[in-house]
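Participant: One line per chain: the protein sequences are F and R, in this order.
Reading the first sequence from the start, the letters are residues 1 to 328 in the UniProt record's numbering.
Reading the second sequence from the start, the letters are residues 1 to 328 in the UniProt record's numbering.
Simulated from the structure, these hints should not be mistaken for lab results.
Since this is a predicted model, take the numbers as computed values, not measurements.
Possibly wrong hints are sitting among the right ones.
[Unchecked claim] 27 Å max Cα-Cα, derived DSS-like pairs, lysine-lysine:
1. R/K48 / F/K156
2. F/K222 / F/K121
3. F/K132 / R/K156
4. R/K26 / F/K70
5. F/K156 / R/K29
6. F/K150 / R/K29
7. R/K220 / R/K48
8. R/K220 / R/K190
9. F/K48 / R/K26
[To be verified] With the Cβ distance kept under 10 Å, some of the chain F side facing chain R (calculated, not the full set):
10. V32
11. R37
12. V75
13. E87
14. D251
[Stated by the list, open to error] Under 7 Å between C-beta atoms, here's a sample of chain F residues computed to sit facing chain R:
15. V21
16. S42
17. Y60
18. C86
19. D119
No residue lacks a Cβ here, since even glycine has one placed at the ideal position from N, Cα and C.
Listed here are the chains, written in short residue letters.
There are 2 protein chains.
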Amino acid sequence: TEQRTALLCLTIQMLCRIPNVSALPKAVKRRVYALKRLQVQSAHIEAKFYEEVHELERKYAGLYQPIFDKRREVVSGAVEPTDEECEWHSEGEEEELAEDLKKKAALEEKKEESAPADDPKGIPEFWLTIFKHVDMLGEMLQEHDEPILKHLQDIKVKFSEPGQPMSFTLEFHFEPNSYFSNAVLTKVYKMKSEPDPVDPFSFEGPEIVDCEGCKIDWHKGKDVTVKTIKKKQKHKGRGTVRTITKEVPQDSFFNFFNPDEDLDFTLATDFEIGHFFRERIIPRAVLYFTGEALEDDESNLSFVFQDLDEEGEEEDEGDLDPTVSIQT
Amino acid sequence: TEQRTALLCLTIQMLCRIPNVSALPKAVKRRVYALKRLQVQSAHIEAKFYEEVHELERKYAGLYQPIFDKRREVVSGAVEPTDEECEWHSEGEEEELAEDLKKKAALEEKKEESAPADDPKGIPEFWLTIFKHVDMLGEMLQEHDEPILKHLQDIKVKFSEPGQPMSFTLEFHFEPNSYFSNAVLTKVYKMKSEPDPVDPFSFEGPEIVDCEGCKIDWHKGKDVTVKTIKKKQKHKGRGTVRTITKEVPQDSFFNFFNPDEDLDFTLATDFEIGHFFRERIIPRAVLYFTGEALEDDESNLSFVFQDLDEEGEEEDEGDLDPTVSIQT
């Protein structure tokens, strides 16, 4: 291993032109160490900076809240927005929408208008639709989760109080339903915003270090995170066969609230999902509902463009503006 | 083009399961528009948030300044750090450094100790070394730039005053030299932190929108951003030949201060470089000098590991800790 390390040292130094600081004159090396000590001081100031940014996020959470409350009321149907509140000029996209598509839409609208179910309450399946649009969440979503998530009415983020250890909590608010009795399911993400004493230079701001779910009080027989399997057992001596039932874990989004026993995802993915809820989905939910926020998700779009290319499209890809088609 | 757009619409909707919002019942569509209006309000609050973060950065710039001043003094040799200020425990890396490497270093050190040039002033070529280590800067660096950059003594970032349009200025401080008379070369990056009225949802925080360099007062014949070429011209009538000299632009890092006439890089690269100076190089210069900050630069390291793999190394790559060899 020592020889190996030595080889690596040499290779890296040669190939990357990284200076061998130990080859510097002693007096210069000393000064470099002095700069490294200053750099550690810097890292601690940076940690304070991020604490203040967290404070600022708390403050702004309060400023966003009236908007999010209004969103929840519109989604649930508790409030009907006024005409003025619904005015939306979709810049030129009506014109760009091809005629046949428009006609089709008009037809469908007409059909729907004549149906009694034409005016459902609020925006049905708002959050479930978002789950389906976002790859990272879609992967966790199972068919048996969908009827439950239709009852999801809001997702909120709450920041830890000043002076408390840094954390944020995701709150999933459900309307009364036949699956569980909780009104809110929570997941707390604990964060750390201080340089690691052993490796202070790796500090890049707050990091999620731990998370904690919550107990879901499932109604009898409704827990989708387990399934009951039947197992036949043969008595060794007598040769008689009996059937026992056994509960085994099953894939479900709701394992998200029980991270210890998660089946589908590692802790790293879990942290990534928590971060994504906090930074993207909660602040801009409607854009994930309409698909506008998915523009960046290149894996989706490049897949589409690939198909067209193979069919012999000749125009330059640079001319295509996918926003045209997925904006509403 | 209309047909093409229609095709794209359909394809994207089918493949990505993005809802055709225009196919939603009218009443629901209205509510979605209401949410989109709320989303625009959100974007404007977010813009204010980023302005406050900018304020916070200004405040912290003041807190970092004494550390950066000390760094400048150590680098230039104006101040010799005390023994206490130079104490540095490099966790176990001495032990891990293979014996032969250590001996080699010891030999070199001895050689250097006997030489009179053994104690140069400060940390020679501190900033030039950083330029050489960072790919993005190394690409701009020409041989004729190197002797000039040996005179670079500090790089600072200054944030715009509150109430002023958001911007930051990079200041390159030079010791008196034979190339130009400026003591400081500057580059201002102008930023915008407000949602675009035409596309408010694309807002993701402050963006660099413009930059401005400075005039370098080159001493006669020292301007490395131009070269003189000789050109022979033949008189069309008389057939006589004359030689004229002409100044033409030449690649140089110093074109960075004259972005209008830049040769090497697009505005996007220029913005990226400005951002990198501000966010990475200025706050953690010593780590770019020693190479520790380059750990993330995977293109460098994966290249090294690739080589070892090809030579038949069998151990799992996961066991390798490249930090061992490039820390000092």
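Participant: Min Cβ distance, F/R37 to chain R: is it shorter than 10 Å?
Facilitator: Hint holds; F/R37 Cβ to chain R Cβ min 6 Å, cut 10 Å.
Participant: May I ask you to test the interface hint for F/D119 with respect to chain R, counting a Cβ-Cβ separation under 7 Å as satisfied?
Facilitator: holds (4 Å)
Participant: Would you mind confirming whether the straight-line C-alpha gap from R/K48 to F/K156 stays at or under 27 Å?
Facilitator: holds (21 Å)
Participant: Are R/K220 and R/K190 close enough, with their CA atoms no more than 27 Å apart?
Facilitator: Distance ~32 Å between R/K220 and R/K190 Cα, so the pair is violated.
Participant: Could you grab the alpha-carbon distance between R/K220 and R/K48 and see if it respects the 27 Å cut-off?
Facilitator: violated (48 Å)
Participant: Double-check F/V75 for me: the hint is only fine if its C-beta lies closer than 10 Å to a C-beta in chain R.
Facilitator: holds (8 Å)
Participant: Given the hint that F/K48 pairs with R/K26, test it: the Cα-Cα distance must not exceed 27 Å.
Facilitator: It is violated: about 50 Å lies between the C-alpha atoms, which goes past 27 Å.
Participant: Holds or violated: is there a CB of chain R closer than 7 Å to the CB of F/V21?
Facilitator: Status holds, d = 3 Å.
Participant: Was the hint right that F/D251 lines chain R, CB cutoff 10 Å?
Facilitator: Because about 20 Å separates F/D251 from the closest Cβ in chain R, which is outside the 10 Å limit, the hint is violated.
Participant: Would the hint linking F/K132 and R/K156 be met if the CA-CA limit is 27 Å?
Facilitator: Measuring from Cα to Cα gives roughly 47 Å; hence the hint is violated.
Participant: With a cut-off of 7 Å, does the beta carbon of F/S42 approach a beta carbon of chain R closely enough for the hint to hold?
Facilitator: This hint holds: F/S42 lies near chain R, its Cβ roughly 6 Å from the closest one there, short of 7 Å.
Participant: With chain R as the partner, please determine if F/Y60 meets the hint condition of a C-beta pair closer than 7 Å.
Facilitator: holds (5 Å)
The structure fails hints 3, 7, 8, 9, 14 (numbered hints given earlier, in ascending order).
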